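S.K.: Now that you have both chains on their own, put them together as the hints suggest.
If you read the sequences in order, they're chains A and B.
Residue numbers in the first sequence follow numbering that gives the first Met the number 0, run continuously in steps of one, and reach 768 at the last position.
Residue numbers in the second sequence follow numbering that gives the first Met the number 0, run continuously in steps of one, and reach 502 at the last position.
None of these hints come from the bench; they were simulated from the model.
Since the model is a prediction, treat every value here as computed from it, not as a measurement.
A portion of the hints provided could be inaccurate.
[Stated by the list, open to error] Below, a list of computed lysine to any residue pairs in the SDA-like style, where the Cα atoms sit at most 20 angstroms apart:
no.	chain 1	residue 1	chain 2	residue 2
1	A	Lys-764	B	Ile-458
2	B	Lys-233	A	Ser-689
3	A	Lys-764	B	Met-461
4	A	Lys-764	B	Ser-459
5	A	Lys-764	A	Ala-749
6	A	Lys-764	B	Ala-469
7	B	Lys-233	A	Gly-73
8	B	Lys-233	A	Ala-684
9	A	Lys-43	B	Asp-32
10	B	Lys-233	A	Arg-127
11	A	Lys-764	B	Ala-473
12	A	Lys-43	A	Leu-198
13	A	Lys-606	A	Leu-153
14	A	Lys-43	B	Ala-35
15	A	Lys-130	B	Gln-236
16	B	Lys-233	A	Thr-685
17	A	Lys-303	A	Val-340
18	A	Lys-261	A	Gln-200
19	A	Lys-54	B	Met-461
20	A	Lys-43	B	Glu-31
21	A	Lys-130	B	His-235
22	A	Lys-764	B	Gln-477
23	B	Lys-359	B	Glu-273
24	A	Lys-43	B	Leu-33
25	A	Lys-43	B	Gly-34
26	B	Lys-233	A	Glu-72
27	A	Lys-54	B	His-235
28	A	Lys-764	B	Gly-452
29	A	Lys-764	B	Leu-491
30	A	Lys-54	A	Ala-679
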Amino acid sequence: MNAPEKFVTGAAAQPAIGQSRIHESARAHVAGAATYVDDIPELKGTLHAAPILSKVAHGRLLAVDASEALQMEGVRDVVLARDIPGDPFLATFVHDEPIFARDTVEYVGQVIGVVVAETVMQARRAARQVKVRIEPLPALIDVREAVKQQSFVLPPVTVRRGEPEQGLARAPHRLAGTLDVGGQEHFYLEGQVGYALPLEQGQWMIHSSTQHPAEVQHWIAHALGVPASAVRVDCRRMGGGFGGKETQAGHIALWAALAARKTGRPVKLRLDRDDDFLVTGKRHPFAYDYEVGFDDSGRILGLKLVLAANCGWSADLSGPVADRAVFHVDNAYFLSDVEIVSYRCRTNVQSHTAFRGFGGPQGMIVTEAILGDIARVLGQDPLDVRKANLYGIEERNVTHYAMPVEDNILAPLIARLEQESGYRRRRAEIAQWNAAHPVLRRGIAITPVKFGISFTATFFNQAGALVHVYTDGSVQVNHGGTEMGQGLHTKVCQLVADELGVPFERVRISATDTGKVPNASATAASSGTDLNGRAAQFAARQIRQRLAEYVADKQNCRPEQVIFAHGQVSGPDAVMPWEQLVDDAWHSRVQLWSDGFYRTPKIHYDKNTLTGRPFYYFAYGAACTEVAIDTLTGENRVLKVDILHDVGHSINPAIDMGQIEGGFIQGMGWLTTEQLVWDAQGQLATHAPSTYKIPATGDVPAHLRIALWPEANREDNVGGSKAVGEPPFMLAISVWEALRDAVAAATGHARVALDAPATAENVLKALHG
Amino acid sequence: MESRTIRFSRRGELVSLTNVPPERTLLQVLREDLGATGTKEGCGEGDCGACTVVIAEPDQGRLRYRAINACIRLAHSIDGMALWTVEDLAGSDGALHPAQEAMVQAHGSQCGFCTPGFVMSLFGMYQNHVLRGATVTRELAQEELSGNLCRCTGYRPILDAAQSMAALPRIEQDEQAILRQLEALHAQRASEGVRGASAYLAPLGLPELLRLRAAHPQAQLVAGCTDVGLWVTKMHQQFGQVLDVTQVQELQRIAHDEQHLTIGAAATLTSASEALAAQWPQLAAFFQRFAGLPVRNAGTLGGNVANGSPIGDSMPLLIALGARVVLLSVRGERELPLEQFYTGYRQNVLAGDEVVGWIKVPRTGSPHPGALPQAGEGEEFLRAYKISKRYDDDISAVCLAIRMRLRDGVVEEIGIGAGGVAATPARAVQAEAALRGQPWTAQAARRAAAALGAEFRPISDMRASAAYRAEVLANLVQRFWLETQGHADVNLESFRLAEAALP
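This is chain B alone, in the form it adopts within the complex (with noise of 0.2 angstroms):
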């Protein structure tokens, strides 16, 4: 099978390589390829951070910078992009870029082996948001920091350097420039069309993704590949042939309406994440704690959910939520209730043809998005929780997602789903059966969390007992009945920065 070549913009050239098999990394293409030792391999799984490398696409006019792991992301899915690595930042006569200089100057670095990837989060930041004005605050800081590890400095120097960035002498990258290199890239790449010979199939729009799909079902299917990236890695896996669906225009839009949210297969979390947060502003904490930023900005919640990982975090939130999932292939479209699409562990019910559409979101938020409703109004309550080894950047445990509509003190609507406990994303209908038209007392939330152990028979593994996760789905219950009744300080989310504030 041929393989097409790839193309993308780097230090305001075009760089071209040829023969790239469809599986090879980003990361092996940069070190072993290129030379490029700059960026490093901490451990091939997207989940440290040390291969951090920022790419940039067009969007409305200018250049939207994603900070993306290296080692899962597969070669191919660069292409038409614009590509910075830590090679690339300093001046032509060595002077380092704000990023770099603040961390020299914060000690940021000890054994340098993180440095790398920190610098280019910290790019991103700096594209993102100090060039646009924006402060970054010591949470800002944390956050886009979340996926990428130090083992030698404790991160507080690195936290510094990232608020320090700003007081630096500005340094821009010559974005109109890049942007007409990727609209020449994108016009060759969409006059050149796809060939089904191919052995990366990357479809700009979505009758050609069907046709495609339709045409070679044997094809892996990949998104941000923030899985299907370790098959390569870990499992060492070669795939005959790659089907791509992050560059289908039409995937990638998040649409409002009156009734739904209807988020793209191919919306990566990051914006999925900011569409949804929008809607329901208290589930701004449990998005960020959904791995680390870049694996947020290179994953998809169409992914997340098609992957079906028992232990993926947006299938609760979005069952909870009573989200339908629409399925696509050249024979029409169906759509069905995302509980529904599950038949296994980590099987659905997509056919061969078919790829997932949109991901519709009912929007049952309150009509004041950001206050928390007060109990008796006829009002919904919504919370997210995830219980994990980690704060952030973890998988869960346990992750439970409530969402309760009540009209004078009755349950009138009720969402439960639950990850962490079978075999798949779960809807916990008998503990909603326990609770729908029943007064929302105490008593009916010890009731829903009876229901609760007795509809799901968590595992044992390294991340919890059975026991534990049994216990603890019980206790957010009593949780979510604290909050309803308005009670603070019963999350340790409200502990985070507060009460630490420096006098």
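Bound-form chain A, shown alone (with noise of 0.2 angstroms):
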């Protein structure tokens, strides 16, 4: 079922893969005419509930007393931890999370339970008036703090490979430093929202607004003590999810069918945007201490790295996103001898959670990094010094997980990312510029990127899918995918369009539903189309199959010769409108719908010896980044932006540009503007878009051009395409990398101590240093 077979060819090629297709809800968008969870009509009776939080980062829960709360207008319930008929403990892996404060808070802003009122505001304003009795203990909220104390969620991992003592030792050239690296709020548009509603015989639909349906059904069924299949859940669309929605959004959409349990009415949870800042977590913090030695080339020999992950109260995903920080130290460079140690750090802040890139960023940074501080040590260009580092084709090109390289297209795009954007000459024009400006200073930098495709936990790398062909030759698709704006339900409803030889419009695509697909994995680990595409793909060829064989039938020929294509079908024989076909078969009782399934091939991995094959392929890419830095105030700007990135062959050009443009932007403020402060009692300060700056459009830089790597995934992949969700992320670090550029300038050191994110002040303290 794997190796899809193409029996369609020549002139069947279709117009639909390949093409920019505008997204499948566009106009909808801009008509106002999407419908997002909180849009969804009320059914009558339904209620509002907002979270009671905890305003202490670690204290005993003494007492809640609501009864002030109960008396205000329009509240009708209070919903606690004792409320929860099954299990209190949230289903997760881990199983280390209360769904409501029990006897502990963990940190500022976890929720000990929820007020029921009739209307938002009123549940909102009554949730301020419950009295909670804490009694505050010591509270963990520094990350290097938490490795001293050896506070974890999970146990620390170390990886090793060759011997990096030796290589250390044997090295004519030594570096040892820190780096601290911020979190990142999400800041889907969307805040986090679920509705819950009872239905006859214990059964539930939960309109929620998550990228893993599945789990959400999972965790309400375990807490409510029913059956999975007692519980529907569905997701039309998400106004962003970014790894916000992956765990996260399961939280709330089981709080309100809790509270609807208790009160046997509809509710319905929308989190304000302060409370969604203070109640779900965000990408981890890390914190790294490195040492690393390297030849007079900057190859380097030996290399010894602690990676802190800031996990906050609970595990949540951090096992998963510290392993994928671990993975992708290596960015694109060959490690021969190497220790990772990764800590998994419990502090009393938000768990933190999936966020594009799932600590594939903070494990690359590190690396570029030292790759940078490297060059300027040597008084090399960082970018010989990386190119002297990359994998190799035949050699060096086995990753530190024991996982061979063999799809490395790094040299090729790096050289014409490098002479497509001027780098060398540009570089020259630079230092020139820089010796006559004695304020501003202007830095560049190229830096690759090589990012693992597959979820690493094996089994969540299957799919399913369900194709309808109605009589009137109209097709609904489903599968377990969700869409929150990466045009995942485009691109599969054009692989089914092509599947069918039928015009795009004709195919439709329905909400997820768990009711439809069930069992999907968490839409994530950019492997929406991969999975979800083929699995339609296969959905739509047993249906193609079928018909071919009716055809084949009638004609008296073989199915390979039915061809499909253009909304017709075509025999030795005769040419017939799709839809007259499909009629036709279907009055001699023909299936028109069928499923289709998908498993990604090849890939195993070991947990315990942290090698093996985790990802079935990787995605490469590379960017140029120029910028400019204030040395009076730290004040930065990114100038000037040139990307080349692999895609493979597109399935939606302009859906794969938008994701790659869109994803480096956020890259960008991950490593410039935005930055999460918690005050030292662990009250998160940045809790609103007045105080948490993502970038506006005065920080687009008005040169920002992107490029596509003309060639297929050398992997048998849906249309020959990449995974292009998270990749482009990363290429954001060589904004970090121009800045750190443009501070050696100012200051003529070659170590740079530049935090991340590089705010004015932290820049201006680097130029101190």
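M.R.: So, in structure tokens, the structure goes:
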């Protein structure tokens, strides 16, 4: 089933794939007609919930007094841990997270319960009147302190290859350093929301803005003590996810369901933006210590690296996130002798979670920082040092987790970007310019990306789909993937249209629904199209196969001779419109719908030895970024960006460009303006867009030019494409390296101690350093 | 307390709403009462633009369109106006408006949640610029969309859409019909007057405002609500009674005479900054960085001044310019220097029956606005610097405005206003004293910087540390020194787009 044979060939090549089809919902988006969870017309009797939040980072929860809140206008009930009929812990793998705080609170913003009222504002007002008595305990906020105290959500992991100590010992040059890289709030424009509707006979309908409806279903069934079959979760679309709705949408839906169960009424829970910031986890902040030895060419001979991930108060996805960071420490480079120690630190802040790149960015950035410093110490161009460390083709081609890099296009890709961006010429011009400008300084950097595609938990790499052909010839497709703006549904419709040889417009998608395709994986790890696109393609292929057999029987030919193209079906004897064939086939009792299933081949991974082939293939790219900094204030601007990125054969170039640009700008935000600030008491001080600054229109460089690498995926992947959701995010590391280049130009020092994000304040600090 | 009927024009029809509480927001009314869920709530504080809608009012025989944030707009405040939401643009046959079609063609939407807000900001641009024959440049598009956040696209396709609207078949609103409707509404309101028992008081004239203020000192005074709106959405405040100054004709005016620009307290930040930038063109970039357009379109200069936030951006500049504030009441008027208006953190001298009436700004500008005068001519230098994490639509960590008049190389007049360094916007009295009457030299600039550091004790918060604020304050004086010496390339503002122009 994994080998897609193509029996439609030649003239049948179809127009949908490879075309920049507009997003299947674009016309609805611009007309305000696209429905998000909070837009669904409310059922009569719907109540609204608002969370009761801990104001203390760590403490014993002594008492919750809701008597005053319950007297307030419109308030109907208060739901606490004692109201959970099933397991009071979330049904996560680690099973370490109480659904509502029980005897302790673990961070400022932890949800203790919800207040339910007739209106949203009544519920929110009352939630603040609930009196919570907490006896404070010492709180652990700082990740380095957590390492010292060995406060972990999961045991440390060490990966070793070769002899790093010997590599360091024999290296002619050595550097040691530390680095701190901040987290990132997802800032999906649509905040977290869930709407739970009790149905007859103990059944449930849940509308959730989630990347993982099946997990929401599982969690709710577990907490309510009902079978999964009694809970149906749907999601037509999210207003952005970025990983923030992979697990943590489930909490919101579950809290709504618990309130609905207690009150017997439909309950909607939509978090206020500030509460969303306070309650939900973010990209993991990381702290690093490293020691590196290298030769005169800058080639790394030995590396010892400690990655401390700030996981927050519970495990959530921190295990796989920290794993992916370990897997991506190499980025594009061969590390012959390396030791990586990964700490998964427990602190009293939000439980940090998936975010585009999923630990990959945090793994890569430290190595890029090391390479930038190595180059300056040696007085070489950082690009040359990067090139000296790239993976080879025949040798130096096995990762530190024992996976051969078989599809390496790094060298030609970087060479082309270097040439087309005018990197060498511009570096010389910038040096001249800097010499003449004492206040402003410019910097430039090229950094590559090699990102592994597949869920590292191998079992998630499966997907299902349903394709229905109706008697009028219209086609509906449904699959387990969710739409968060990435264009998954559009690509799937393109694939199905081509498979059936019908116009793109004949294929419609319906909401992701656990009642249609069960047990689906999260839409994450950039894998949405790879998995679901193929599953849908296979479903459509089975229908086509049946129709081909039906035509072959009529026309007395082989099914392979029946061609589906341009809304027509042709055999040796006759051509007929698709609609006519469908109607004929239905009257002849041919099954016009089918399922499809796909599982990614080749992958395997041993959790104990941390070796294997966790990834089906790698996606590649590189970016050249030029910046300017102000040495008086530390202010900085991105001036010019050239990107060359590998999406294989693009199924939809416009959508892929959108992912590349959007991912890059989001990554730029992570490393420049987006700063999360927790105070000493563990209160997140940046909890709204007024204090937390994602990039705005004025931050987009006027020159942002993107080219696509022309080659198809060398592995057999849907349409010859490659995954595109996450890899471009890490191209933004070039922004940070360019800023460090500019700082070095100003200070004249090889070492640049710039922590991320490079706010004006951090840049000014680096200029002093 | 009774609630007066809200009447506004939408899709050419009159909408009437009764029993709307005074603190209810326009977004709540749209989504919850009218079932118009196309407009989204992204943040509830006017910082993301997902809730952008367009309002229009008569202005000299035509309609003046403004994109505003519905989430922090009190519903009562649009009484008498025309309103467009994202649902109102497409034709009855479903044909998309150019603001919408351009977004579709440019692949300007991904998740679609910010899209209605962008479409409405584009619609505002279409009415204010495209239909008036102006070219939408990339700079204009960036400026007008600075209050709309998108987390998916990286903005480029949206900026492309802004620039391609004009090429699509033109669609115009029936302005004359709307004007007739609004004039009828206005006449009706004028004849009804304002009943003091009403929960939402929105007088149309100044005498009526002063009378109501005297009679209802407990009423919450509001202007553009770009801060008060957050008291409602984030602090869950409810108001017994609201007194809205924005409809008062006299206070909307901006007057020029030989000596002063006199800006009415109800003039929007957009109008006020246009007037100030006309006098001092070097301030244009500073005003573009003041919040986002929907906030500037709703907020007022008087509101910014009266609110008195220590991080408000207009006050340091106004203090540097020597602005005075005129307070009005039924008892008469009084005038005082702006810095004397503040008595503590968000506290001021306003009496219970007083309102801010006008801000009087001395017209000190050079006789040749636009050009930065050369040193040694006996002329004025004026600069306003803002340091924030994000270039656009952010709150200052530090704001410093310096106005200096030199004669024969000696500082004849000096005004320095600072924000983000004390509990109130402040005049840098010691730094001024260090410079007044002194030759303007590098050494004098260093002395001024040291004096600045000595007279303020900024705090550490999520925007910046105290040490950074103090250091930057001094370094900005250095920047000012360099700029007065004719150095280019000492400020990233000059880099904005020039260096990266496409070859």
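S.K.: Does each hint fit the structure? Answer for all of them.
M.R.: Evaluation of the provided hints:
With a C-alpha separation of about 18 angstroms, the suggested pair Lys-764(A) and Ile-458(B) falls inside the 20 angstroms cut-off, and the hint holds. Taking the CA atoms of Lys-233(B) and Ser-689(A), the gap is near 12 angstroms; set against the 20 angstroms cutoff, the hint holds. At roughly 16 angstroms between alpha-carbon atoms, Lys-764(A) and Met-461(B) fall within 20 angstroms of each other, so this suggested pair holds. Between Lys-764(A) and Ser-459(B), the direct Cα distance comes to roughly 15 angstroms. Compliance with the 20 angstroms bound is thereby established for this hinted pair.
Simply put, Lys-764(A) and Ala-749(A) have alpha-carbon atoms about 15 angstroms apart, close enough for the 20 angstroms limit, and the pair holds. Taking the CA atoms of Lys-764(A) and Ala-469(B), the gap is about 13 angstroms. The hint holds against a cut of 20 angstroms. Distance check on the hinted pair: Lys-233(B) and Gly-73(A) sit about 19 angstroms apart at the alpha-carbon level, within 20 angstroms; holds. At most 20 angstroms may separate the alpha-carbon atoms for a hinted pair to count; Lys-233(B) and Ala-684(A) meet this at roughly 15 angstroms.
A distance of roughly 14 angstroms separates the Cα atoms of Lys-43(A) and Asp-32(B); the hinted pair therefore holds under the 20 angstroms criterion. In summary, the hint linking Lys-233(B) to Arg-127(A) is supported, as the alpha carbons are separated by about 11 angstroms, within the 20 angstroms threshold. A hinted pair counts as satisfied when its Cα atoms are at most 20 angstroms apart, and Lys-764(A) with Ala-473(B) qualifies at roughly 15 angstroms. Between Lys-43(A) and Leu-198(A) the alpha-carbon distance is near 13 angstroms, which keeps this suggested pair within the 20 angstroms criterion.
Distance check on the hinted pair: Lys-606(A) and Leu-153(A) sit about 14 angstroms apart at the alpha-carbon level, within 20 angstroms; holds. Pair hint Lys-43(A) plus Ala-35(B) holds up; C-alpha atoms about 18 angstroms apart against a cutoff of 20 angstroms. Taking the CA atoms of Lys-130(A) and Gln-236(B), the gap is near 19 angstroms; set against the 20 angstroms cutoff, the hint holds. Taking the CA atoms of Lys-233(B) and Thr-685(A), the gap is near 14 angstroms; set against the 20 angstroms cutoff, the hint holds.
At most 20 angstroms may separate the alpha-carbon atoms for a hinted pair to count; Lys-303(A) and Val-340(A) meet this at roughly 8 angstroms. Of the supplied pair hints, the one linking Lys-261(A) and Gln-200(A) holds, its CA atoms being roughly 15 angstroms apart against a limit of 20 angstroms. Proximity of Lys-54(A) to Met-461(B) is assessed by CA-CA distance (about 18 angstroms); at most 20 angstroms being required, the pair is judged to hold. Distance restraint check for Lys-43(A) and Glu-31(B): the Cα-Cα separation of roughly 13 angstroms lies within the 20 angstroms cut-off, and the hinted pair is therefore satisfied.
Distance check on the hinted pair: Lys-130(A) and His-235(B) sit about 17 angstroms apart at the alpha-carbon level, within 20 angstroms; holds. Using a Cα cut-off of 20 angstroms, the hinted pair Lys-764(A) and Gln-477(B) holds, with the two alpha carbons roughly 18 angstroms apart. Only pairs whose Cα atoms come within 20 angstroms are accepted, and Lys-359(B) paired with Glu-273(B) is accepted, the gap being roughly 15 angstroms. About 16 angstroms separates the Cα atoms of Lys-43(A) and Leu-33(B), which keeps this hinted pair within 20 angstroms; it holds.
The straight-line distance between the Cα atoms of Lys-43(A) and Gly-34(B) is roughly 14 angstroms, inside the 20 angstroms bound, and the hint therefore holds. Between Lys-233(B) and Glu-72(A), the direct Cα distance comes to roughly 19 angstroms. Compliance with the 20 angstroms bound is thereby established for this hinted pair. Restraint check: the Cα-Cα separation between Lys-54(A) and His-235(B) comes to about 18 angstroms, which is no more than 20 angstroms; the hinted pair holds. With a CA separation close to 18 angstroms, the supplied pair Lys-764(A) and Gly-452(B) stays within the 20 angstroms bound.
With a CA separation close to 18 angstroms, the supplied pair Lys-764(A) and Leu-491(B) stays within the 20 angstroms bound. Between Lys-54(A) and Ala-679(A) the alpha-carbon distance is near 13 angstroms, which keeps this suggested pair within the 20 angstroms criterion.
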